[in-house]
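One letter stands for each residue in the lines below.
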Amino acid sequence: MSLRLEVDAPHPGATAGSGPPPRHRHADRPVRARLNRFDLKVSPYLYIAPFFILFAIFGAYPLGYTLWVSLHDWDLLAEDHPFVGLENYQRLLGDPDFWNSVVNTLGIFVISTVPQLLLALWLAHLLNRGLRARTLFRMGVLIPNITSTAAVAIVFGQLFSREFGMINWLLDLVGVDGIDWKGSKLTAWIAVSTMVDWRWTGYNALIFLAAMQAIPRDLYEAAALDGARQARQFWSITVPMLRPTIIFCVIVSTIGGLQLFTEPLLFNSGTNPIRGGPMRESQTMTMYMFENAFAPHFNFGYGSAIAWMLFALIAIVAIINVLVIRGLGKNQTGGE
Amino acid sequence: MGVTPRRRVVAAAAALAALTAVAACGGAEETSADGKITLTVDVFGQFGYDELYKQYMDSHPNVKIVERGTGGNLDEYSPKLTQWLASGKGAGDIVAIEEGLLVEYKANPKNFVNLLDHGAADLKGNFMEWKWNQALTADGKQLIGLGTDVGGMAMCYRKDLFAKAGLPTDRAEVSKLWPTWQEYIKVGERFKAANTGAAFLDAATNTFNTIVLQTAGNSTGYHYYDTSDKLVVDSNPAVRQAWDITMDVIDSGLSGKYGAWSEEWVAAFKQAKFATIACPAWLTGVIEQNAGPAAKGKWDIASVPGNGGNWGGSFLAVPRQSKHQAEAIELAKFLTNPQGQIGAFKAKGPLPSSPQALDDPAIKDATNPYFSDAPVGQIFGAGAKSLKPVYMGPRNQAVRTEVENAVRTVELGQRTPDKGWQDATANAKKAADK
Chain A
1 MSLRLEVDAP HPGATAGSGP PPRHRHADRP VRARLNRFDL KVSPYLYIAP FFILFAIFGA
61 YPLGYTLWVS LHDWDLLAED HPFVGLENYQ RLLGDPDFWN SVVNTLGIFV ISTVPQLLLA
121 LWLAHLLNRG LRARTLFRMG VLIPNITSTA AVAIVFGQLF SREFGMINWL LDLVGVDGID
181 WKGSKLTAWI AVSTMVDWRW TGYNALIFLA AMQAIPRDLY EAAALDGARQ ARQFWSITVP
241 MLRPTIIFCV IVSTIGGLQL FTEPLLFNSG TNPIRGGPMR ESQTMTMYMF ENAFAPHFNF
301 GYGSAIAWML FALIAIVAII NVLVIRGLGK NQTGGE
Chain B
1 MGVTPRRRVV AAAAALAALT AVAACGGAEE TSADGKITLT VDVFGQFGYD ELYKQYMDSH
61 PNVKIVERGT GGNLDEYSPK LTQWLASGKG AGDIVAIEEG LLVEYKANPK NFVNLLDHGA
121 ADLKGNFMEW KWNQALTADG KQLIGLGTDV GGMAMCYRKD LFAKAGLPTD RAEVSKLWPT
181 WQEYIKVGER FKAANTGAAF LDAATNTFNT IVLQTAGNST GYHYYDTSDK LVVDSNPAVR
241 QAWDITMDVI DSGLSGKYGA WSEEWVAAFK QAKFATIACP AWLTGVIEQN AGPAAKGKWD
301 IASVPGNGGN WGGSFLAVPR QSKHQAEAIE LAKFLTNPQG QIGAFKAKGP LPSSPQALDD
361 PAIKDATNPY FSDAPVGQIF GAGAKSLKPV YMGPRNQAVR TEVENAVRTV ELGQRTPDKG
421 WQDATANAKK AADK
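So the protein lines, in turn, are chains A and B.
Residue numbers for the first sequence follow the UniProt record's numbering, so the first one is 1 and each next one is one higher.
Residue numbers for the second sequence follow the UniProt record's numbering, so the first one is 1 and each next one is one higher.
These are calculated hints, taken from the structure and not from any lab test.
Short, incomplete list of chain B residues facing chain A, as computed with Cβ under 10 Å:
hint, residue
1, K80
2, Q83
3, N108
4, G256
5, A267
6, Q271
7, A398
8, V399
9, A406
10, G413
11, D423
Note that CB positions come from ideal geometry on N, CA and C, so glycine has one too.
Please put together the full structure from these sequences, using the hints given.
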């Protein structure tokens with residue numbers, strides 16, 4: 001508390017300079033002034049320093065170290081790690097298994113994120129109306145999010161089991177033959193996406209809801225007076241007003257979606273789940289990174305190169321997302 | 001922040017007092033005030049050491065033993081172990097190493113204490129020669145670990161399903177049904193024709209691995225790598241032969257296609273969805289755990305088709321990072337001596353790698369009540385001393401993964417046998433180069 005007061009206090013050094021100071025303070029005046037100036041200039045940085053120091057230790061340093069490792073032939077157990085320059089990256093670009101993992105990651109990302117955000121928007125819209133037991137519903141949508149990922153993945157893994165799973169049992173009831181969910185790319189992607197959506201739709205819905213409540217009511221009233229229906233109000237008022245929130249949700253979903261690991265890993269139980277199926281049907285980039293950096297290859301350099309490629313991919317996809325969403329918002333608001 | 005130096009001193013003193021109080025009750029961390037040492041043993045699966053720990057702690061009152069990773073999966077254990085070794089901390093004072101992974105750890109022997117420097121040479125006679133040699137580095141100057149068990153092979157089968165299919169259920173008669181894998185397939189076809197609602201075997205990958213270790217053991221003595229560490233997946237007739245037999249198994253539609261070690265596989269045990277499974281000695285404990293108490297007495301053990309073979313088996317090593325190397329080495333010696341191996345066998349079934357233990361009546365006369373009192377000591381022990389080991393090269397685990405995955409793609413109908421073989425050889429090469 002005392003620290004805050006020092007910052008907020010007026011700056012005697014600045015005003016006291018105009019008149020002659022009392023004699024008895026003459027000696028310490030320049031020191032105080034300097035201290036005050038120091039306080040003014042440096043303190044703000046000190047106050048935000050903890051974040052940056054922590055980020056440097058736990059964020060920037062590992063990032064830089066990973067880059068360093070990725071330039072070496074780094075067998076995890078070996079004592080010598082010869083420098084190989086960009087060789088890891090070069091090999092990576094020609095590695096079909098790597099590109100397979102990129103396709104899987106993007107595929108699962110699209111299949112999970114697009115319906116998830118649309119569904120969240122719709123859910124938020126519903127929750128924004130005058131429902132009974134509103135708080136109950138609003139809190140309810142968050143429950144899947146606080147369930148442990150591992151528990152969700154194990155339960156869904158069993159739901160989607162080929163022979164003993166509930167989904168195939170239900171399909172069987174309506175006369176559809178059981179699907180080997182792990183047996184093809186598309187079905188495996190859908191199964192994994194379902195898990196992701198189950199966990200994150202409610203979370204995004206709540207963020208959308210918060211943003212929706214900040215939209216002034218009179219906009220809707222005016223639109224209603226002009227004869228705009230619900231749907232038109234939604235697309236012409238709600239969505240454009242939510243644009244910053246949507247961008248936020250899209251970026252957070254992009255980062256999360258492209259780093260997908262636990263769900264597909266636990267979905268593929270058995271030997272070598274890290275492969276994501278015998279033909280790598282649902283192996284994401286993080287899984288491929290893990291497979292190379294740790295068991296069975298223990299090639300830390302190669303794994304680090306994959307990590308950096310993932311970083312680059314996330315940056316690219318995030319930029320594309322922002323551009324697309326910006327364009328979308330402009331088109332919508334253009335008519336007004 | 002907010003805590004004056006004096007208060008900090010008081011807090012530290014209180015913490016210290018609490019610690020000594022705990023230590024006095026026997027729960028000490030590392031070396032505590034009363035001189036107790038905690039030895040951590042890292043394992044996977046079931047090693048069956050609980051009773052042995054108790055004995056050891058009774059005779060060594062200054063030692064406390066903690067086991068970590070019991071019941072865990074090897075796939076999860078080995079990356080952890082590698083990380084501990086790479087980072088120089090975290091590993092237990094004793095770590096278990098599976099034979100397929102031993103080669104990789106052996107390539108960087110500096111991570112481990114050289115047991116030859118600690119009188120291990122005198123123990124050579126306690127182990128089968130090949131088991132001893134497996135843990136020696138290429139130059140023969142360092143011994144990485146002491147052998148625990150070997151994976152003598154048999155065929156476990158469900159008597160109730162055999163009866164349902166009109167097949168004999170007595171283990172001697174069942175063994176006579178399948179002296180070779182071709183005959184095993186024929187029995188499978190008979191079983192399939194009876195429409196019991198269950199598959200004949202669990203997964204083609206398990207069968208393949210059993211066959212390849214057999215064919216290799218009986219011919220070249222190596223499978224994926226030759227003894228000069230050259231990758232020979234595509235040229236070794238032993239691998240191709242095992243592949244072809246496995247394709248016949250798949251072609252006859254005998255496999256339940258339950259991915260080994262998956263949740264479906266475990267569920268299939270519980271629901272009696274397959275009738276046979278190739279079982280190394282250590283798998284009996286897994287079957288018992290997966291099939292559960294309800295299936296007690298429904299399983300039995302017959303001899304394996306083909307001839308012998310060894311699948312798996314482990315070693316105990318002492319990482320150089322251990323702070324109590326001398327004590328850890330002593331404990332490792334205790335756990336792997338003939339009496340220790342007998343104790344482990346009685347508890348959880350891993351077959352001893354020590355000839356003295358195999359000759360001991362405690363093993364010879366051992367039966368397993370879960371498997372209809374099958375004489376497991378005789379079934380697994382008989383072939384154990386004449387086991388022909390298979391040499392494993394530097395990237396054995398990665399290569400094996402690729403070949404087994406190719407088997408799996410054919411089993412699931414994703415690949416034709418020809419395309420599967422191409423994948424197996426090409427991907428094995430790629431994995432070996434990584």
